[in-house]
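For the record, in the sequence shown the residue sitting at position 195 is 195 according to full-length UniProt numbering, with numbers rising by one throughout.
Hints are computed from structural coordinates only; laboratory data are not their basis. Fair warning: this is a prediction, and the values are worked out from it, not measured in the lab. Built from N, CA and C at the ideal position, the CB exists for glycine as well. Hints are supplied without guarantee of correctness; some may be wrong.
Here are the computed lysine to aspartate or glutamate pairs in the EDC-like style, where the Cα-Cα straight-line distance is at most 20 Å [as the list claims (entries may be wrong)]:
# : residue 1 : residue 2
1 : K47       : E73
2 : K172      : E188
3 : K172      : E185
4 : K4        : D212
Quick list of simulated restraints, FRET-style, between CB atoms [stated by the list, open to error]:
# : residue 1 : residue 2 : range
5 : A60       : G115      : 31 to 41 Å
6 : T210      : A60       : 43 to 53 Å
7 : G115      : P31       : 32 to 42 Å
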Amino acid sequence: MMEKIENTEGIERRGNVLAAMAKLKQVCNHPAQLLHDRSPVGRRSGKVIRLEEILEEILAEGDRVLCFTQFTEFAELLVPHLAARFGRAARDIAYLHGGTPRKRRDEMVARFQSGDGPPIFLLSLKAGGTGLNLTAANHVVHLDRWWNPAVENQATDRAFRIGQRRTVQVRKFICTGTLEEKIDEMIEEKKALADLVVTDGEGWLTELSTRDLREVFALSEGAVGE
Numbered sequence: 001m002m003e004k005i006e007n008t009e010g011i012e013r014r015g016n017v018l019a020a021m022a023k024l025k026q027v028c029n030h031p032a033q034l035l036h037d038r039s040p041v042g043r044r045s046g047k048v049i050r051l052e053e054i055l056e057e058i059l060a061e062g063d064r065v066l067c068f069t070q071f072t073e074f075a076e077l078l079v080p081h082l083a084a085r086f087g088r089a090a091r092d093i094a095y096l097h098g099g100t101p102r103k104r105r106d107e108m109v110a111r112f113q114s115g116d117g118p119p120i121f122l123l124s125l126k127a128g129g130t131g132l133n134l135t136a137a138n139h140v141v142h143l144d145r146w147w148n149p150a151v152e153n154q155a156t157d158r159a160f161r162i163g164q165r166r167t168v169q170v171r172k173f174i175c176t177g178t179l180e181e182k183i184d185e186m187i188e189e190k191k192a193l194a195d196l197v198v199t200d201g202e203g204w205l206t207e208l209s210t211r212d213l214r215e216v217f218a219l220s221e222g223a224v225g226e
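All chains, full assembly: derive it from the sequences and hints.
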């Protein structure tokens, strides 16, 4: 992975950096997302375990939640797993992605907003991040980071539209000791310096030096469980 980055320049290098980061982000979500090994979803991912804990609390309170991910593969792992895990309490988990037809999308939104709609709405960050009114939700979970605060904020705003009368709780999942935590720290530093331009996207990450990338990609002590 690092060898490819070291031996390329310009656009090719930037592409290799983003590809490497995408693979590491997939592992942070769940090993099966990268390996495609059809292994069981439960107990192999800290994010899935924590998501289950949060959903238990949300469902017990009768609340509703928006769960965003940028990876359709991860969402497709989660939908059947969560449906089996929570059964009737989950009531047909809604899942919106880029391939969802417009008519079907509108039906899903209307059902979620209704009194008897599903309490869990799983959305692709790009497909569900703009143009939707989902004020029935008072919880938002970002399962993986986009690394551009503007994109995440647009998605979060789906629950903050006109008509929202409750406090909305927002959670962002980060794997300790991995590139997710390190890049999150870099984002916070840039935000504090007003140095993160909205149009930058994730492009600024591709300009990191090879030395900096090695530090970002390396696992810290906190990433290894007991």
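Status of the hints after comparison with the structure:
| no. | hint | in the structure |
| --- | --- | --- |
| 1 | K47 <-> E73 | holds (15 Å) |
| 2 | K172 <-> E188 | holds (13 Å) |
| 3 | K172 <-> E185 | holds (13 Å) |
| 4 | K4 <-> D212 | holds (15 Å) |
| 5 | A60 <-> G115: 31 to 41 Å | violated (18 Å) |
| 6 | T210 <-> A60: 43 to 53 Å | holds (48 Å) |
| 7 | G115 <-> P31: 32 to 42 Å | holds (39 Å) |
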